[in-house]
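Fit chain L to the supplied structure of chain V, relying on the hints for placement.
Letter by letter, the chains look like this.
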Amino acid sequence: MSTPACVPGQETDSVPERRSFLRNVFVVVGGLVSTALAIPLVRFAAFPLRAKEDETSWSDVGKVDEFASLAGPVARTIDVQRTDGWRSSTAQDGVYVVPAGSGALKVLSSVCPHLGCAVRWIDDKDRFICPCHGGTFTRTGAYVSGPPRRAMDELDSKVENGVLKVRLQRFRQLAATKEPVA
Amino acid sequence: MQETRDTLREDDSRPLSGWMKWLDQRTGVKSLMHEALDEPIPGGARWAYVFGSGLLYLFLSQVVTGIFLALYYVPSSDHAHTTVSYISKVVSSGLFLRSVHAYGATAIVILLFLHITQTLLYGSYKGRRELLWLSGCFLLALMLGMAFTGYLLPWDQKAYFASAVGTNIISEVPVIGSSLQRLLRGGSQMGTLTLSRFYVFHVFVLPGLLIAFIATHVFLFRKAGAAGPTKEDPFEPKLPTQKFYPRQVGMDMGASLLIVLALAVVAYFLPIRLGPEAVPSDTSYIPRPEWYYLPMFQWLKVVGGRWSLLGGIVLPGLLALLFAAIPFFDRGRERRPWRRPVVVAGFTIFVACYAGLGALSYHDDASDSNVAGQLARQRNAEIRYMRQPFKPEAASSAPPAAPVPPSADPLIAKGATIFAAGPCSDCHGTRGEGTDKAPALIGVGQKYSADRLAFLLHHRTPEMIDGGMPSVDLDQAETAALVAYLRSLK
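Heads up: the sequence lines are chains V and L, in that order.
For what it's worth, my numbering labels the leading residue of the first sequence as 248, then goes sequentially.
For what it's worth, my numbering labels the leading residue of the second sequence as 145, then goes sequentially.
Same shape as in the complex, but just chain L:
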């Protein structure tokens, strides 16, 4: 057996052509190709094995589209939405690339599920493959982290509120919860620092970790060898082997092609929507996470109140640990799924519950007419926003606006003219913002009534006189106008 595994085929030793020989002598490319392509697969190539390469392909697609999107994206709360809008509405192929990137995240979640399901059903984690499984668990967590951090970056209503809820869950962690939340958000509230942090995680930290763990995962996979079908022994493979190239390569390429096509078709015909810019003060917005987080969201509704720590943090944490520990307690040689009822049934129940919670969430939203109405309004707002032409952001370097802000109220407008023309603006600033000569007048209307202000203008207090405030020489109508203007300063 060992002999057939290691024997080189005759055609592999064909003489290399001139330039390949030159390259091979310097790089050893031939043995590298041999290492990569002639990997033995016990029992031969199968369509069931394509998910790993599909994930690798999707990851590369995310890296490439992500780098391109970064050409135009600016991670700051005052520009992020404008730049994503610019990408979606102005830049050639921008909407398509953004859609491929956003739907790519969904495709990765689907393929992760298929990859994990295949591994579980085939018992491919058996036979000294614990670390391979663990590195996969880390990859799963990192990918979910990518989906979570990437969701905020467009800074539209949906992104903002979903991430606000997501980061609120973290504060549930005992003892360090609120500190952890502040650390993640860059402050107690969501803001531009949150966006910077999420951006750095999404673009530098998590991709770096992902590349490291993918390399580890592939290395450990090649060290342990392909597990083959369920009848194969996980420790000492006995089945005849087939090389990775060309059959499995063909299947993997076919699957990747299918993924590309599906992604391109969806991205082209159902491009992702960008909603209106986030308005943190909007109290009517109902946030909903991406569909694969929806069951988790529904679960938090079920375990609210005093159960939220147990249900929201402890139980998911225990489940994750249990999941990671599968190869440590399911250790036998038996790989057929019907002979491993505990693991298979446990996984099936979990998937059924997760899907059920998701369905329940959809059902809840659809059956509550208030929620359904608001969700429909939010959807329509997104559709309307996408139809509007792109509006460039006015640069802050524009020349200062007219010193007197126009006001619809003629009385206030008249008062503003008096304020700007008289000596008031010299000391209190053109808009009553205050200078080193005199204090700000903004908010003075909340402090004093109109009568009191009119009185103070004509009867200065000792502090006002000491401060150099001159006497005011205005008739009753002018005083009323000036007071109206002062009270309008906010």
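Isolated chain V (complex conformation):
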């Protein structure tokens, strides 16, 4: 048993201060490297948080002539192109075209500003009525009664080459003002 118990170098490590200093070096270096490595992983997984919601495209509602002699609100189904991750899909959505006086038209979202049910136009009562919680609105979408805190949401619309177009957007439910959901 003439050989030394330990290889040279081990002794110095056994000094408690040296050992705890070394341990701290390992912890700090390991921590820094792990943090650096986590950055791309977090960016990758949290991509949906940072991804720019793409600008909603304009959808055709119909020829403007069709609405020329419009007396009251009329429901229309529109095709909305949307990008769903790595695929693009076409979804259908309902909107109301309402006469806004002096030949102008306005397009209202059918989504109730209360909790998001589809609002119905009831001709007999001359009111938009939400079937869920009974919110009512006038023929131009102004608030009349019930739980909603604001009027029906008007959507951006324009006339291009005689075609009425609308940009479908969603707005925050329950809020008193119209705030787009980003």
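In case anyone wonders, no lab produced these hints; they're calculated from the structure.
It cannot be assumed that every hint is accurate.
[Stated by the list, open to error] Partial list, derived from the structure: chain V residues whose beta carbon lies under 8 Å from chain L:
no., residue
1, Phe273
2, Gly277
3, Val280
4, Arg290
5, Phe291
6, Ala292
7, Arg297
8, Asp331
9, Gly332
10, Trp333
[What the hints assert, rightly or not] Quick look at which bits of chain L chain V covers, simulated, 3 or more residues with Cβ under 8 Å:
no., stretch
11, 214-227
12, 390-397
Don't be surprised by glycine CBs; every beta carbon is placed ideally from N, CA and C.
Using the frame of chain V, we list chain L on its own:
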């Protein structure tokens, strides 16, 4: 000697701080740490011993990056390429993570080679370490399986054709070859079932086996103890020992840091390319496997024809068995490589041949101008594809397209209008696909000539009349247009 190996150092018995004591009483964490960090290394720490931990680190990196990639990947032949393209071109850090994962496979192959070479040269498989060696052989095979199955997943041209060739080799196995190939591919042809199978192997089966065998490998390693340098006795270690912590831990961490840096630099500056989506009907594509499989590929060119069974299956199988059996026939206490010429020379010759075959493959490709040109075109196609912006896949739930497909030929377009407007489409379907009322017309142009079709339209056969086909009232020009449309239905 035994005394020094088992004696605890004084500083190890320092009193534990409050919360560590609480934890230790419940988990025994201190003895676990002692077990993990105070492993005795005969002869002390060395840089030559870092490859095992480097491999473990790389495996963890592959697991983590792989799990993250699965957030966006879809294993189906109609979505796989789109989703990998989405990862590469749209998702933040996506190209980087995919590159780290793909280059990680290459790094593992390199480190496996270094780990095996070190073990062979040091004779570290000696001294009741046969099972340790065998578990390592299984790990090698599993890792190569991971590389093979992962290669197909992006479903680009390169992936598709390389895997098609790879799975063709399997059909060479006697008796069960073709069944084995069908089983692996999920059918006689490469397709979406092949992708599913490769995905399941790559993500569930092989990683599960890898974790089990890594645990076995580490357990057997700790049971046998570190082998130490070549002058150490493999059965009864005599050299003074050094603990795993801190020197070897530092070296292992340093090596892993170097691997991380190298991987990150390569992945960042030379990101992996995704080629255009696989087109199985493309006959001009020349597939080439990943560089570490290239010698095997070259070897199959050499032993083609009637030697393919012997050269492609039997010989590699025998070599693998011979390799696995090394610790069973090289049993002496001698570990110095120059005193073990058979094993060392055998391994060296194998490595030289393997590298030579690889070099020969590169040389063959470079010297054949046709092949070199095609390979360059394929490379350029990949570069072009990577520059194109991401194109989202049109969802199949889109509203049905217009019933009349537009045609460039005005005659066909006119015929299509007649077909759609008249009663034809009511019974034969909007595109002649057939309904329960009348048969499909697709392919009718291959069956009948234009004259015969025109004749049949005006002179119905008894079967047509029985089936309820009305008489056709069209002038000559309209008939010609309708016939042109019918003949265009494919």
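How the hints compare with the structure:
no.: 1; hint: Phe273; verdict: holds (7 Å)
no.: 2; hint: Gly277; verdict: holds (7 Å)
no.: 3; hint: Val280; verdict: holds (6 Å)
no.: 4; hint: Arg290; verdict: holds (4 Å)
no.: 5; hint: Phe291; verdict: holds (5 Å)
no.: 6; hint: Ala292; verdict: holds (6 Å)
no.: 7; hint: Arg297; verdict: holds (6 Å)
no.: 8; hint: Asp331; verdict: holds (7 Å)
no.: 9; hint: Gly332; verdict: holds (7 Å)
no.: 10; hint: Trp333; verdict: holds (4 Å)
no.: 11; hint: 214-227; verdict: holds (count 5)
no.: 12; hint: 390-397; verdict: holds (count 5)
In summary, this structure violates none of the numbered hints.
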